[in-house]
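S.K.: So the sequence lines, in the order shown, correspond to chains A and B. Residue 1 is where the first sequence starts when you use the working numbering, and the numbers rise one by one after that. Residue 1 is where the second sequence starts when you use the working numbering, and the numbers rise one by one after that.
You may find that some hints are simply not true.
Claimed, not checked - Below 35 Å or equal to it, Euclidean Cα-Cα: the simulated DSBU-like pairs (lysine-lysine) are: (1) K95(B) - K207(A); (2) K95(B) - K120(A); (3) K120(A) - K207(A); (4) K120(A) - K5(A); (5) K95(B) - K35(B); (6) K212(A) - K60(A); (7) K207(A) - K35(B); (8) K5(A) - K213(A); (9) K96(B) - K60(A); (10) K60(A) - K120(A); (11) K35(B) - K96(B); (12) K96(B) - K208(A); (13) K208(A) - K60(A); (14) K35(B) - K208(A); (15) K60(A) - K36(B); (16) K5(A) - K35(B); (17) K120(A) - K208(A).
The set of hints was computed from the structure by calculation and includes no laboratory data.
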Amino acid sequence: MNVKKQFRDGLITNNPVLVQLLGMCSTMAITTTLFNGIGMGISVIIILTCSNIVISLVRKLIPDQIRIACYIVIVAGFVTIVDLLLQAYLPSLSESLGVFIPLIVVNCIILARAEAFASKNSVAASALDGIFQGLGYTVVLIVMCIVRELLGNGTFGGGLLGPDGAGIRILPEGTGALMLILPVGGFLTLGCLIALMQYLLRRHEEKKEAEKK
Amino acid sequence: MSFTGLVSISLGAILIQNFIFSQFLGICPFMGVSKKMDTALGMGIAVTFVMGIASVFCWLVNRFLLVPLGLGYMQTVAYILVIASLVQFVEMFLKKSIPSLYQALGIYLPLITTNCAVLGVVLLNTQNNYNFLESVVYGVTGGLGFLVAIVLFASVRERLELTGDPPRSFEGFPIALISAGLLALAFMGFSGLKVF
Chain A
1 MNVKKQFRDG
11 LITNNPVLVQ
21 LLGMCSTMAI
31 TTTLFNGIGM
41 GISVIIILTC
51 SNIVISLVRK
61 LIPDQIRIAC
71 YIVIVAGFVT
81 IVDLLLQAYL
91 PSLSESLGVF
101 IPLIVVNCII
111 LARAEAFASK
121 NSVAASALDG
131 IFQGLGYTVV
141 LIVMCIVREL
151 LGNGTFGGGL
161 LGPDGAGIRI
171 LPEGTGALML
181 ILPVGGFLTL
191 GCLIALMQYL
201 LRRHEEKKEA
211 EKK
Chain B
1 MSFTGLVSIS
11 LGAILIQNFI
21 FSQFLGICPF
31 MGVSKKMDTA
41 LGMGIAVTFV
51 MGIASVFCWL
61 VNRFLLVPLG
71 LGYMQTVAYI
81 LVIASLVQFV
91 EMFLKKSIPS
101 LYQALGIYLP
111 LITTNCAVLG
121 VVLLNTQNNY
131 NFLESVVYGV
141 TGGLGFLVAI
151 VLFASVRERL
161 ELTGDPPRSF
171 EGFPIALISA
181 GLLALAFMGF
191 SGLKVF
């Protein structure tokens with residue numbers, strides 16, 4: 001087991017959103033305020049870690065043909081728990097994330113990690129994989145939120161900081177490009193982020209090659 | 001329920017609140033299967049079909065099973081089970097009776113289970129308290145919206161392959177996302193559309 005490698009995989013070299021291109025629906029849909037991004041990220045970390053642990057525990061008991069259905073039921077169980085907890089303790093978050101909390105069931109990240117990692121590895125490694133992959137997803141969400149909120153609305157930390165939780169105003173009112181808060185902004189911001197990631201990974205590769213020579 | 005109400009639900013689902021471009025449901029298959037026109041068309045038809053019948057069955061399950069038993073909190077689990085078994089049934093049915101269509105859809109059929117547009121539409125039906133007819137109309141027209149979006153996007157991408165020469169870092173996925181963004185911008189024009 002290689003904790004350091006798993007950490008780097010989850011956050012950078014094999015980032016679930018930017019490199020594996022999974023879970024894009026929620027990434028683009030809910031990243032309009034920082035509060036949403038952090039809430040969604042933490043929910044996914046919890047669900048991904050728990051489902052990875054359980055799937056890794058029962059991986060030898062499940063017949064191969066129906067494994068996907070079993071994974072979905074296990075994930076759906078955890079999603080329901082998180083959904084109900086949010087409704088009870090954080091109703092404002094639950095309201096602003098809306099249908100995207102129950103939709104974590106079909107978030108490709110969770111099924112992909114179950115299939116590609118938890119069904120083949122030990123419990124401890126799977127738990128770590130869940131935490132790190134979830135963290136990778138959360139970091140992308142937070143970056144998207146900060147960019148879209150700052151450029152689109154001119155504020156920082158909406159839903160969390162500032163008066164009435166409206167966020168701290170950084171750019172003067174009326175200068176924001178409202179487009180970035182709208183659905184279009186989700187596509188554009190994510191496209192640019194993935195391009196940036198491809199650029200950085202390529203530069204890294206080239207540097208390594210140069211060092212070898 | 002009046003006829004005009006149904007028309008406004010349909011127009012809303014296809015144009016104004018398009019599942020892809022304004023609600024971000026079903027992005028994964030939308031990006032994954034839109035490289036070629038014919039596969040995009042097949043996927044769109046399959047999704048429309050499954051969304052329609054999933055709306056029917058999930059409405060029945062909710063109305064006659066979950067609500068009377070007070071099991072509303074189990075709705076996510078129940079719906080995903082209904083959808084998974086429906087997709088399985090559709091697959092078996094098509095294999096036996098319409099093999100040509102089955103061959104055309106290929107691996108896309110099982111993938112529909114994890115399409116968030118399908119689970120999304122049934123959850124939204126419940127959330128909006130739609131009656132039976134409204135649910136079915138919303139399901140089918142939501143699927144049609146997906147079909148319109150994926151076909152439009154596939155034709156854009158086919159052109160992009162031929163003529164596009166983006167900067168190296170934007171090659172592949174990022175440029176596709178940005179063109180999808182521009183399409184979404186175009187679809188925003190429909191948001192001013194008032195029905196009746």
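S.K.: For K120(A) and K208(A), compute the direct alpha-carbon distance and say whether it is at most 35 Å.
M.R.: holds, 31 Å
S.K.: Take the C-alpha atoms of K212(A) and K60(A), compute the straight-line distance between them, and say whether it is at most 35 Å.
M.R.: violated, 43 Å
S.K.: Are K5(A) and K213(A) close enough, with their CA atoms no more than 35 Å apart?
M.R.: Judged against 35 Å, a Cα distance of about 25 Å means the pair holds.
S.K.: Sort out whether K35(B) lies within 35 Å of K207(A), counting only the CA atoms.
M.R.: Given pair K207(A), K35(B) holds - Cα atoms ~33 Å apart, limit 35 Å.
S.K.: Within 35 Å, alpha carbon to alpha carbon, are K96(B) and K60(A)?
M.R.: holds, 33 Å
S.K.: Within a Cα-Cα threshold of 35 Å, do K95(B) and K207(A) meet the stated pairing?
M.R.: Violated, because 52 Å separates the two Cα atoms, which is more than 35 Å.
S.K.: Please work out if K95(B) and K35(B) have their alpha carbons no farther apart than 35 Å.
M.R.: holds, 25 Å
S.K.: Checking one constraint from the list: CA of K35(B) to CA of K96(B), max 35 Å. Satisfied?
M.R.: Holds - the C-alpha atoms of K96(B) and K35(B) are around 29 Å apart, at most 35 Å.
S.K.: Check whether the Cα positions of K96(B) and K208(A) lie no farther apart than 35 Å.
M.R.: Violated. K96(B) to K208(A) sits at ~55 Å, over the 35 Å cutoff.
S.K.: Need the status of pair K60(A), K120(A): alpha-carbon distance at most 35 Å?
M.R.: Within the cut-off at roughly 9 Å; holds.
S.K.: For K120(A) and K5(A), compute the direct alpha-carbon distance and say whether it is at most 35 Å.
M.R.: Judged against 35 Å, a Cα distance of about 17 Å means the pair holds.
S.K.: Is it true that the CA of K120(A) sits at most 35 Å from the CA of K207(A)?
M.R.: holds, 33 Å
Checked against the numbered hints above, the structure violates hints 1, 6, 12, 13, 15; every other hint is satisfied.
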